[in-house]
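Enquirer: Protein chains in written order, with my numbering: chain A, 1 to 294; chain B, 1 to 328.
In case anyone wonders, no lab produced these hints; they're calculated from the structure. Some hints here could point you the wrong way.
Chain B side only, calculated, beta carbon under 7 Å to chain A, not exhaustive [stated by the list, open to error]:
{"id": "1", "residue": "PRO117"}
{"id": "2", "residue": "LEU121"}
{"id": "3", "residue": "TYR125"}
{"id": "4", "residue": "ILE128"}
{"id": "5", "residue": "ALA129"}
{"id": "6", "residue": "GLY132"}
{"id": "7", "residue": "ILE135"}
{"id": "8", "residue": "ILE136"}
{"id": "9", "residue": "ASN143"}
{"id": "10", "residue": "ILE249"}
{"id": "11", "residue": "VAL256"}
{"id": "12", "residue": "VAL294"}
{"id": "13", "residue": "LEU300"}
{"id": "14", "residue": "ILE301"}
{"id": "15", "residue": "ILE305"}
{"id": "16", "residue": "PRO308"}
Just so it is clear, the structure is predicted and the values come from calculations on it, not from any experiment. Backbone N, C-alpha and C define an ideal beta-carbon position, used for all residues, glycine too.
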Amino acid sequence: MSNFLQQVINGLQLGSVYALIALGYTLVYGIIRLINFAHGDVFMVGAYLGFYAILRFHLPFPLALLFAMLGAALLGIIIEKLAYKPLRNAPKIACLITALGVSLFLENFSSLKFVFGPNYLAYPRPFPVVNFNVGNVTISNIQIIVFVVAIVLMVLLQLFVSKTKTGMAMRAVSFDKSTAQLMGINIDYIISITFGIGSALAGAGGVLYGIAYPQINPFMGIMPGLKAFVAAVLGGIGIIPGAMLGAGIMGMVEVLTSAYISSAMRDAIAFLVLLIVLLVKPAGLLGKSSIEKV
Amino acid sequence: MLNLNIKNKISKIKILLCCILLYLLLQVLLSTGIINNYWQQIICYAGIMTISALGLNLIYGFTGQFSLGHAAFFGIGAYTSAFVIKVAHLNNTFYLILGLIAAGILAGLIAFVIGLPILRLRSDYLGIATLGFGIIIKVIFDNADAVLPVLGGSRGMIGIPKLTSFTWVFVLVILGVVILRNLINSAPGRALISVREDEIAAEAVGVNTTKYKTLGFVIGSVYAGVAGGLYAHLYAFLHPSNFDFLKSIDVLLIVVLGGMASISGTIFAAVIWVFILEGLRVVLPEAILDWRLVIYPLLLILIMIFRPSGIFGSREIKFLAYHEEKTK
Chain A
1 MSNFLQQVIN
11 GLQLGSVYAL
21 IALGYTLVYG
31 IIRLINFAHG
41 DVFMVGAYLG
51 FYAILRFHLP
61 FPLALLFAML
71 GAALLGIIIE
81 KLAYKPLRNA
91 PKIACLITAL
101 GVSLFLENFS
111 SLKFVFGPNY
121 LAYPRPFPVV
131 NFNVGNVTIS
141 NIQIIVFVVA
151 IVLMVLLQLF
161 VSKTKTGMAM
171 RAVSFDKSTA
181 QLMGINIDYI
191 ISITFGIGSA
201 LAGAGGVLYG
211 IAYPQINPFM
221 GIMPGLKAFV
231 AAVLGGIGII
241 PGAMLGAGIM
251 GMVEVLTSAY
261 ISSAMRDAIA
271 FLVLLIVLLV
281 KPAGLLGKSS
291 IEKV
Chain B
1 MLNLNIKNKI
11 SKIKILLCCI
21 LLYLLLQVLL
31 STGIINNYWQ
41 QIICYAGIMT
51 ISALGLNLIY
61 GFTGQFSLGH
71 AAFFGIGAYT
81 SAFVIKVAHL
91 NNTFYLILGL
101 IAAGILAGLI
111 AFVIGLPILR
121 LRSDYLGIAT
131 LGFGIIIKVI
141 FDNADAVLPV
151 LGGSRGMIGI
161 PKLTSFTWVF
171 VLVILGVVIL
181 RNLINSAPGR
191 ALISVREDEI
201 AAEAVGVNTT
211 KYKTLGFVIG
221 SVYAGVAGGL
231 YAHLYAFLHP
241 SNFDFLKSID
251 VLLIVVLGGM
261 ASISGTIFAA
271 VIWVFILEGL
281 RVVLPEAILD
291 WRLVIYPLLL
301 ILIMIFRPSG
311 IFGSREIKFL
321 AYHEEKTK
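Could you put together the complete structure from these sequences and hints?
Expert: Rendered as structure tokens:
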């Protein structure tokens, strides 16, 4: 039983990181209906920015996190302006292919020797690891930091989207783009803000991933990116609490499969869960199924 | 009317002659060693990618079903053919046909079983479901040695007879093109296109959309399976990472770059794609060879920004074009 609780905590840790990435996917998809495949690579860049902030600039952890978030946000906004904006009225598939192109570019450009280099790097721990024993369960200070940062960011995002005027504009654009435009909302500005926020969350996710699973390389974003996207679909894409729920489930399924079935099967089981959910409830767990009108 | 028929026949013969001439030209260049073995392998690979991409073009371009799991069917074909040929010791290039038939049948069967439930999903959701399927299949390849040690699992499968020749690839590409062209110009082909154009309207005029979506998906996957079989016997080594998510993306790129629902575009893009990736390897100096994979996505982004509907759009060269029935 204590082993099970321990695995649940590990699952929540992975799920928190997935949630931070999934939120970016869900925000962007909600607004421009684009699967932003480059998002996983923004997560990777965030992890590297944190790495350099800690190792080279000797910033304390909170500042390093902030640095990575700002850098990732800037990268997200630049990507949107350069690659996606010219395609606003192009067929959807052209945007998707461009997103894939951006993703491949970020991965391979980062692998160049004068950028991040192709090798695995050990992530620096900004503070010593301390383990706390609660009953039979061990929880480390790193896990606590991952939970706290993830939860604080998610609460802030929820407040931003539901309470501020910009957040209201974001919801309006995702509900109906052309009507929102008629109401005087500057669509381009809202899209930039959305990319910025989503990318900042991914950047934070990257740093947390780095300190929790201390090894990074330029291709580290592919799998977490895909899984986070799947998590967003699982919970109902475009819905913020859905992304958190889906990410929690994905993290949990993955960790519990590794612990009790076989770690080789963990990706298969995670995606099997996705297939089953899609077949039973195509709009996702929290999504409302829309009625098709002719 | 009669005149038109004769004209059609003459143009068909011309096309046939062109194909034979192209084949003879390449064959002469190959046998005299002007094109070396390395480039022969690349030409064959371009042909294989063409077949696989034609399959995806049928699924996505013509039928409108978004698939991100095409490499899974390619892989199923590759492992099936390699398994059949290796286990039955059919070490003769003629027996390759048996491996390819097995590859096509198994890929088609699995596509049927998986397609029936998931083809109910629409656009992006279907893409995600097929992506999930592709990843599950890759995990199965990774662990296949637990059941069938000969498949090698994550260590890769070795010792596959090298049976794929230029002739095999050339003949199958031509066959694939002709079959696809005739399918598109037939009644079922029009049903497939109607599903892409508007599923609800198609249903309303009596097209059984589930049937035709599944048909398109199965035939497209058979193409992928056969291409996979050729691939297995070209390189004689299979590894699960040859069939991962990124490989599905490669095929999708070819289809979109060439132009959706354009057979000529797919052929053109597949050949260009293989030759640009390999060509950059030759052209670029050693020092900036790493840049090859940086230049390629940049090209991709630029093409999409300046030609969002692909190089050919949905145009066709004349022979492959969709013919309106001229009955008067």
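Enquirer: Evaluate each hint against the coordinates.
Expert: Here is what the structure says about each hint:
1. PRO117: Interface hint status for PRO117(B): holds (6 Å vs cutoff 7 Å).
2. LEU121: Holds: closest Cβ of chain A sits about 6 Å from LEU121(B), inside 7 Å.
3. TYR125: holds, 6 Å
4. ILE128: Status holds, d = 5 Å.
5. ALA129: Cβ of ALA129(B) sits 5 Å from chain A, so the hint holds.
6. GLY132: holds, 4 Å
7. ILE135: holds, 5 Å
8. ILE136: This interface hint holds because 5 Å falls under the 7 Å limit.
9. ASN143: Holds - the Cβ of ASN143(B) comes within 7 Å of chain A, reaching about 5 Å at its closest.
10. ILE249: holds, 6 Å
11. VAL256: With a minimum Cβ separation of about 5 Å from chain A (threshold 7 Å), the hint on VAL256(B) holds.
12. VAL294: Because about 5 Å separates VAL294(B) from the closest Cβ in chain A, which is inside the 7 Å limit, the hint holds.
13. LEU300: Hint on LEU300(B): holds, closest Cβ of chain A at ~4 Å, below 7 Å.
14. ILE301: This hint holds: ILE301(B) lies near chain A, its Cβ roughly 4 Å from the closest one there, short of 7 Å.
15. ILE305: Holds. Min distance 5 Å.
16. PRO308: holds, 4 Å
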